[in-house]
Amino acid sequence: MATPNMPLWEVFIRSRNGLAHKHVGSLHAADTTLALQAARDIYTRRGEGLSIWVVPSNAITASDPSEKGMMFEPAESKIYRHPTFYDVPDEVGHM
Amino acid sequence: MYTQALNTSDGDNSHIEDAARSANFQARIDADERIEPNDWMPAAYRKTLTRQISQHAHSEIVGMLPEGNWITRAPSLRRKAALLAKVQDECGHGLYLYAAAETLGTSREELVDLMLAGKAKYSSIFNYPALTWADIGAIGWLVDGAAIMNQIPLCRCSYGPYARAMIRVCKEESFHQRQGFEIMVTLSKGTEEQKAMAQSALDRWWWPVLMMFGPPDKASQHSDTSTKWKIKRFSNDELRQKFVDATVPQAQFLGLTIPDPGMKQNANGNWEYSAIDWEEFNQVLAGNGPCNRDRLAARRKAHDDGAWVREAALAYAEKRKQRQHAQAAE
Numbered sequence: 003m004a005t006p007n008m009p010l011w012e013v014f015i016r017s018r019n020g021l022a023h024k025h026v027g028s029l030h031a032a033d034t035t036l037a038l039q040a041a042r043d044i045y046t047r048r049g050e051g052l053s054i055w056v057v058p059s060n061a062i063t064a065s066d067p068s069e070k071g072m073m074f075e076p077a078e079s080k081i082y083r084h085p086t087f088y089d090v091p092d093e094v095g096h097m
Numbered sequence: 012m013y014t015q016a017l018n019t020s021d022g023d024n025s026h027i028e029d030a031a032r033s034a035n036f037q038a039r040i041d042a043d044e045r046i047e048p049n050d051w052m053p054a055a056y057r058k059t060l061t062r063q064i065s066q067h068a069h070s071e072i073v074g075m076l077p078e079g080n081w082i083t084r085a086p087s088l089r090r091k092a093a094l095l096a097k098v099q100d101e102c103g104h105g106l107y108l109y110a111a112a113e114t115l116g117t118s119r120e121e122l123v124d125l126m127l128a129g130k131a132k133y134s135s136i137f138n139y140p141a142l143t144w145a146d147i148g149a150i151g152w153l154v155d156g157a158a159i160m161n162q163i164p165l166c167r168c169s170y171g172p173y174a175r176a177m178i179r180v181c182k183e184e185s186f187h188q189r190q191g192f193e194i195m196v197t198l199s200k201g202t203e204e205q206k207a208m209a210q211s212a213l214d215r216w217w218w219p220v221l222m223m224f225g226p227p228d229k230a231s232q233h234s235d236t237s238t239k240w241k242i243k244r245f246s247n248d249e250l251r252q253k254f255v256d257a258t259v260p261q262a263q264f265l266g267l268t269i270p271d272p273g274m275k276q277n278a279n280g281n282w283e284y285s286a287i288d289w290e291e292f293n294q295v296l297a298g299n300g301p302c303n304r305d306r307l308a309a310r311r312k313a314h315d316d317g318a319w320v321r322e323a324a325l326a327y328a329e330k331r332k333q334r335q336h337a338q339a340a341e
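Heads up: the sequence lines are chains A and B, in that order.
Here this note's numbering is used: the first residue of the first sequence is 3, the next is one more, and so on.
Here this note's numbering is used: the first residue of the second sequence is 12, the next is one more, and so on.
These are calculated hints, taken from the structure and not from any lab test.
Treat the hints with care, as some may be off.
Said to hold, decoys possible - Ranges between beta-carbon positions, derived for each pair: (1) A30(B) / E50(A): 38 to 46 Å; (2) M72(A) / P301(B): 54 to 62 Å; (3) G95(A) / A54(B): 34 to 42 Å; (4) A318(B) / R83(A): 52 to 60 Å; (5) S285(B) / S17(A): 45 to 53 Å; (6) D89(A) / D228(B): 37 to 45 Å; (7) G266(B) / A22(A): 27 to 35 Å; (8) H84(A) / W289(B): 56 to 64 Å; (9) H84(A) / S87(B): 53 to 61 Å; (10) L38(A) / S285(B): 47 to 55 Å; (11) A22(A) / E47(B): 18 to 26 Å.
The beta carbon of each residue, even a glycine, is placed where N, CA and C say it ideally should be.
Looking at chain B on its own, in the form it has when it is part of the complex (with noise of 0.2 Å):
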């Protein structure tokens, strides 16, 4: 549907956008009004939009390898099918979110190299390993819940594909904080090792989960066009603390102990969490966490293994276009 978006050149427009369209599209934004594909929009928005979506997308297919790794080991049948299904459903969110990002008129092509290239990011928390079992629950309690956080504001952004999309994975994502809820609830429920289990991947996951949600607000660089724009709705401090607070009684009802001594609740309710190491996060996405190298080896060995099978298709597309014109003048 979204054709003519890939097709027209919007070359000129980049340097001379007139002041009228740039207010009239801000009056649109301000209106709640959805932009659409064909729709005018200045430079910056749609470079904005193609790199959030496409980071998105590419974790989406990144995020799938920490959790595939575990396919094969899952204790039972029921996980087993279960994670599967997760797995699935990251891949299909990843196709939703490049075919959003394709109709700003980069293809999905062009934007996967550049992921493969090491030009693109996606989101830090993929290049932490998943050690144990407990991990997947860990992963889909609290990654899964924080995206589900920081997505659901999305799916009001400014941008239709993009909010439509995000409507999609919002509805298929709720299960995936759950099995990796009940994974937890069965650890730690379970002997004092599995106990200790999950325990251990909590400690693991808490603090990459918290820098998840991006630079604190004195210092993210994107927030304020963005907010301008409602494409974001809310700054990243707002959804980490949401976050915290929902995650606080849950850990407690498993039992568990968050890893952060100083943690307190103060006089509105709100858990007031220690100073986040941001050195970490900064190393991490600079390429240098425990996994970086990794994840994007996968990747590559997976778009080079399949190059074969990408071609065969087109050739066998071509072959048959081919015969059936050869018969057609017959």
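Okay, chain A solo, but in the shape it has when bound (with noise of 0.2 Å):
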């Protein structure tokens, strides 16, 4: 008989405070619980972790890698938003 499906998680460590949650990698669980403490033996084995987040795979949505020339087109055109486009004069120093 074949095996049947656990529900798949995706796991978020949060490694020390002041730093984000961040993605790890992904687990199987059947249930919030589980998961959690899935995460922790697997994620957390030498102190990585202050904080887990367990999330459904299937409940986050990804953009499309194949449009990602589309997608991310209007960050690469507009160098204005860098401070480096703007010039300021020597005399005044470090800004």
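Join the two chains into one complex using the hints; note that each chain is given alone, in its own frame.
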């Protein structure tokens, strides 16, 4: 008999105070309680985290990699969004 | 994060892979770009990686068996705690790898079922028994040492999820080799009997460990395309030679003799080893090694014994979901 599929979860861990949660991987578990425990065992065996989020994988909507050119084009063409675009006279010093 | 990859069907692509997409894919590989789960990839790339990553995962899981066997008989609490942590790591490594394999579109359950049915391979090394405590030392020192040699180049593999899993695995694996070597140092400095035990473990593990790197380059069937796709960065023989050169001085430090009387150092400083008995390798791969049947039987038993837990967990989750729906409806 084929083994039934367990729901898939994505795991996010915050490593230290002041840092954001970061995606570290995924796991299978029946519910949130088991997912959190499994995340603790699989992804924090060496003190990697102070906080864990688990999110059902099918709750995530991702951008389409084949459309990344179009998706991120607006950021490519606006060099005036970067500080180096602007001239500050040398006499003014660091700004 | 990779659910889209699990949900999309690539059925049509496999038949009519147009040349432009293939060329674009190879250009990305050549430019050292990482391929991610939702990117287009040739069906053969997907198949090769699914096979390789899932075999790697099975190896980590089956690899828990020879060592797990010694946890209750470790000679001290320190050794026991370390071995337990190492075996837990192997389980974690198996799970990182299954997660990476799944991003290619085959579920973990399917992959595990294939292994339990005897249809998927795992590293032949785990079909050898761990007869004495010294074998735990030799496994950590040699088997994990060889695995690290193999895995470090995989951290730069072209498939993103596999490369990321390997970075984590390699970070954790170095403690494994060191704990094994420490056991060997202690035994080698111990009584005559302990030293003999260490030597006997080295004698039994040396050749099977050299076989872990796979068939010689001239006979390997997967290497060419894997190299082109940057899944593989070094050939089997190159990695084997690197391992031998690194290990010989360690054996000398231990005062142990590598069971290869014909071994000699050449002008380049490389240690030349004698011919490997590939017939033994083929036999173990074909299922006729010392422990093949035991290992599969142990995995099947664990899987079957755990079935009620999986069923109960899913049933409980379902019951709670329905109760929440009912409450929400009130």
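Legend entry - Hints not upheld, ascending by number: 3, 6 and 7
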